[in-house]
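Asks: Listed below, chain by chain, are the residues.
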Amino acid sequence: MNNFSSRSTASATNGSVLNTLMRLFLRDCKHHLRKQSDILNPLCFFIIICSLFPLGLSAERELLNTIGGGVIWVSILLSLMMGLNQLFRDDYEAGVLEQFLFTNTSLTQVVLAKIAAYWCVSALPMIILSPIVGTAYHLTSDQILVLVMGLALGSPTLALLGSIGSALTLNLKNGGVLLAILILPLFAPVLIFGAGMVNAVHIGLPVNAQLSILGALLFGSLSLAPFATSFALKNSLDY
Amino acid sequence: MNVFLKFYHRLGSPREFYKISGTLIPWFGSISLILILLGSYLGLVVAPADYQQGESYRIIYVHVPSAWLSMFIYAVLAVSAMIGLIWRMKMAFVVMICSAAPGAWFTLLALITGSLWGKPMWGTWWEWDARLTSELLLLFLYIGIIALYNSFDERHLAEKSAAILAVVGVVNLPIIHYSVEWWNTLHQGSTVIRSDGPSMDVRMLWPLLIMAVGFNFYYGLVLLLRARNQVVIQEFRNSWVRELLVNKGERS
Chain A
1 MNNFSSRSTA
11 SATNGSVLNT
21 LMRLFLRDCK
31 HHLRKQSDIL
41 NPLCFFIIIC
51 SLFPLGLSAE
61 RELLNTIGGG
71 VIWVSILLSL
81 MMGLNQLFRD
91 DYEAGVLEQF
101 LFTNTSLTQV
111 VLAKIAAYWC
121 VSALPMIILS
131 PIVGTAYHLT
141 SDQILVLVMG
151 LALGSPTLAL
161 LGSIGSALTL
171 NLKNGGVLLA
181 ILILPLFAPV
191 LIFGAGMVNA
201 VHIGLPVNAQ
211 LSILGALLFG
221 SLSLAPFATS
231 FALKNSLDY
Chain B
1 MNVFLKFYHR
11 LGSPREFYKI
21 SGTLIPWFGS
31 ISLILILLGS
41 YLGLVVAPAD
51 YQQGESYRII
61 YVHVPSAWLS
71 MFIYAVLAVS
81 AMIGLIWRMK
91 MAFVVMICSA
101 APGAWFTLLA
111 LITGSLWGKP
121 MWGTWWEWDA
131 RLTSELLLLF
141 LYIGIIALYN
151 SFDERHLAEK
161 SAAILAVVGV
171 VNLPIIHYSV
181 EWWNTLHQGS
191 TVIRSDGPSM
201 DVRMLWPLLI
211 MAVGFNFYYG
221 LVLLLRARNQ
231 VVIQEFRNSW
241 VRELLVNKGE
251 RS
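If you're matching them up, the sequences are chains A and B in order.
All residue numbers for the first sequence refer to the numbering used here, where the first residue is 1 and numbers rise by one.
All residue numbers for the second sequence refer to the numbering used here, where the first residue is 1 and numbers rise by one.
No lab work stands behind these hints: they were computed from the structure.
Even for Gly, the Cβ is constructed at its ideal location relative to N, Cα and C.
It cannot be assumed that every hint is accurate.
[Unchecked claim] Away from chain A, derived, C-beta distances all over 12 Å, residues of chain B: (1) I112; (2) G118; (3) W122; (4) T133; (5) I145; (6) A147; (7) H156; (8) K160; (9) A162; (10) L165; (11) N172; (12) H177; (13) G249.
[As the list claims (entries may be wrong)] Ranges of calculated distance between the beta carbons of each label pair, as one might list FRET restraints: (14) R61(A) <-> W128(B): 51 to 61 Å; (15) W128(B) <-> P206(A): 35 to 45 Å; (16) A209(A) <-> S195(B): 52 to 62 Å; (17) L205(A) <-> Q52(B): 25 to 35 Å; (18) N104(A) <-> W87(B): 45 to 55 Å.
[Claimed, not checked] Straight line, CA to CA, 20 Å or less: simulated SDA-like cross-link-like pairs of lysine to any residue: (19) K234(A) <-> S151(B); (20) K90(B) <-> D238(A); (21) K234(A) <-> Y18(B); (22) K173(A) <-> G12(B); (23) K173(A) <-> L157(B); (24) K234(A) <-> F152(B); (25) K173(A) <-> L24(B); (26) K35(A) <-> A94(A); (27) K173(A) <-> I143(B); (28) K234(A) <-> R194(B); (29) K234(A) <-> R88(B); (30) K234(A) <-> I83(B); (31) K173(A) <-> A147(B); (32) K234(A) <-> K19(B); (33) K119(B) <-> A101(B); (34) K90(B) <-> T185(B); (35) K248(B) <-> M82(B); (36) K234(A) <-> L108(B); (37) K248(B) <-> L24(B); (38) K173(A) <-> R155(B); (39) K234(A) <-> M82(B); (40) K173(A) <-> I132(A).
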């Protein structure tokens, strides 16, 4: 079950910022690895959605090639959204988030570490599996390369932006659906550029612009989203 | 100068705002009615037909002002959210939450009138191009803000959460405005807000601007009405509200 040993957390005064981030990151990774449904549920969800589309539409090669990038991107997006509901909930219910506030641990660091752990545990397996799913969708090798690059740049952005929504809906009863409504406008640019790259490569157009914009979105959200998330967390904790 | 500062200072107090809005509402109502009627007459009757689109371009006099309003209201919403978060002003949050519904309606109106215009002009009710999609995202942002505000039981939590979401979503506004420049879109480019000046004929431009200002005053009217109600609901426990309700009850 939940094991929150006090030695695995540290306030910023106990060591360098990197030390704190590392400890928080490892703690969250440990927590996720013990609760294996955190990893497996989104992964299975991703694979199942990707499997449903060829069944629902036709399994024709050309069609799957055209929709493949978009379907894989949307499936990963939805799976991430499923996991984002649980991002802060376990710690919130165990009272650990309030303890972080009381011990003056920077919530921004907590948020960064949590998102990093969440990305490693949820998104990374999906990115690793995406070439296999891409092959099932008859994507060519350069399409798959561009897909993986886009996912590597885009999924951290999705996790960061999604954490804002997750923090805002933390203590709401029906927060799940609301989370989806809140996050969708923020996810749309990443999805448009990321999935658009796969089709662009197939036509033969360059994808430098999309890659650059995805990188810009990543660094923009990496620098700004943790502050928004920690502010929203403090709000949800009624601090 | 002092008079203006004092006026703005008074707007920040719920009780004073109630009084001020009481005097402003008839003005906003009559000005918006006159301007909208005038703009409609000038646009529908006086302005000449378009050389390409004929008479059916006249939906522009509803479509463009409501689109402008949808973005303007979101800007007002986001700015008042920031003011409320930074300076913790009650009235700022009142303005924020009372602008959300009118903003959503104007966005919906822009999307619907755009769709009605698109069918005869482009042959399609909808396209997933940048301008239309980003305006749809704006509608989702409005709905998200309203939904988030209404899902909290305690108002101070609700206000701050909705304010955070509003500030995060303001990045969509430049995307909407510049979407016709940055992408190859079906929607036409900017014809009014351009560095070279408007490229629209003057006889068509004036009714458009009059309608836009009229819509703006209409938004002001709706905002004042809703904010007035919201202030009374929020400040219910205060004595001035009780006196007000008692006095109103006695008079009616």
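Asks: Determine for every hint whether it applies to the structure shown.
Replies: Each hint, compared with the structure:
With a least CB separation of 19 Å from chain A, I112(B) remains clear of the 12 Å interface cut-off, as annotated. Against the 12 Å criterion, G118(B) stays outside the reach of chain A, whose nearest CB is about 20 Å from its own CB. Even its closest Cβ contact with chain A, about 21 Å, leaves W122(B) beyond 12 Å, as expected for a residue assigned away from the interface. Distance check for T133(B) against chain A: the nearest CB is about 7 Å away, which does not clear 12 Å, and the non-interface claim fails.
With a minimum CB-CB distance of about 9 Å to chain A, I145(B) fails to clear the 12 Å threshold, and the non-interface call is violated. Interface exclusion of A147(B) from chain A breaks down, the closest Cβ pair being 6 Å apart, not more than 12 Å. For H156(B), the shortest C-beta to C-beta distance to chain A comes to about 8 Å, within the 12 Å cut-off, and the non-interface label is violated. Distance check for K160(B) against chain A: the nearest CB is about 5 Å away, which does not clear 12 Å, and the non-interface claim fails.
The claim that A162(B) is not at the interface with chain A is violated, since a C-beta of that chain comes within 12 Å of its own (minimum 9 Å). L165(B), annotated as away from the interface, has a beta carbon of chain A within 12 Å; the closest lies near 6 Å. Non-interface status of N172(B) relative to chain A is broken: a Cβ of that chain comes within 12 Å, the nearest being about 6 Å off. The beta carbon of H177(B) is kept farther than 12 Å from every beta carbon of chain A, the shortest such distance being approximately 15 Å.
In this structure G249(B) is separated from chain A by more than 12 Å, as the shortest Cβ-Cβ distance comes to about 37 Å. For R61(A) and W128(B), the Cβ-Cβ distance of about 24 Å falls outside the hinted range of 51 to 61 Å, so the restraint is violated. At roughly 22 Å, the beta carbons of W128(B) and P206(A) sit outside the given window of 35 to 45 Å. Checked against the hint of 52 to 62 Å, the C-beta distance between A209(A) and S195(B) comes to roughly 24 Å, which is inconsistent with it.
Checking the proposed 25 to 35 Å range against L205(A) and Q52(B) shows it holds: the Cβ atoms sit about 31 Å from each other. Checking the proposed 45 to 55 Å range against N104(A) and W87(B) shows it is violated: the Cβ atoms sit about 25 Å from each other. Of the supplied pair hints, the one linking K234(A) and S151(B) holds, its CA atoms being roughly 17 Å apart against a limit of 20 Å. Note on K90(B) and D238(A): the hinted pairing holds, with a Cα-Cα distance of about 17 Å set against a maximum of 20 Å.
Between K234(A) and Y18(B) the CA atoms are separated by roughly 32 Å; this puts the pair beyond 20 Å, and the hint is violated. A hinted pair counts as satisfied when its Cα atoms are at most 20 Å apart, and K173(A) with G12(B) does not qualify at roughly 33 Å. Taking the CA atoms of K173(A) and L157(B), the gap is near 14 Å; set against the 20 Å cutoff, the hint holds. With a CA separation close to 15 Å, the supplied pair K234(A) and F152(B) stays within the 20 Å bound.
Note on K173(A) and L24(B): the hinted pairing is violated, with a Cα-Cα distance of about 40 Å set against a maximum of 20 Å. Using a Cα cut-off of 20 Å, the hinted pair K35(A) and A94(A) holds, with the two alpha carbons roughly 15 Å apart. For the hint pairing K173(A) with I143(B), the CA-to-CA distance comes to about 18 Å; that is within 20 Å, so the pair holds. Between the alpha carbons of K234(A) and R194(B) the distance comes to roughly 43 Å, so the proposed pair goes past 20 Å and is violated.
Of the pairs offered as hints, the one joining K234(A) and R88(B) holds, with about 15 Å between alpha carbons and a cut-off of 20 Å not exceeded. In summary, the hint linking K234(A) to I83(B) is supported, as the alpha carbons are separated by about 18 Å, within the 20 Å threshold. The hinted pair formed by K173(A) and A147(B) meets the criterion: a straight-line CA distance of about 13 Å does not exceed 20 Å. For the hint pairing K234(A) with K19(B), the CA-to-CA distance comes to about 35 Å; that exceeds 20 Å, so the pair is violated.
Distance hint between K119(B) and A101(B) is unfulfilled; the C-alpha atoms sit about 27 Å from each other, more than 20 Å. At roughly 41 Å between alpha-carbon atoms, K90(B) and T185(B) are farther apart than 20 Å, so this suggested pair is violated. For the proposed pair K248(B) and M82(B), the alpha carbon gap of about 35 Å is over 20 Å, so the pair is violated. Among the hinted pairs, K234(A) with L108(B) is inconsistent with the structure: their alpha-carbon atoms are about 34 Å apart, more than 20 Å.
Our distance criterion of 20 Å between C-alpha atoms is met by K248(B) and L24(B), whose separation comes to about 19 Å. Using a Cα cut-off of 20 Å, the hinted pair K173(A) and R155(B) holds, with the two alpha carbons roughly 16 Å apart. For the given pair, K234(A) sits about 16 Å from M82(B) by alpha-carbon distance, which is consistent with the 20 Å threshold. With a C-alpha separation of about 37 Å, the suggested pairing of K173(A) with I132(A) is violated against the 20 Å cut-off.
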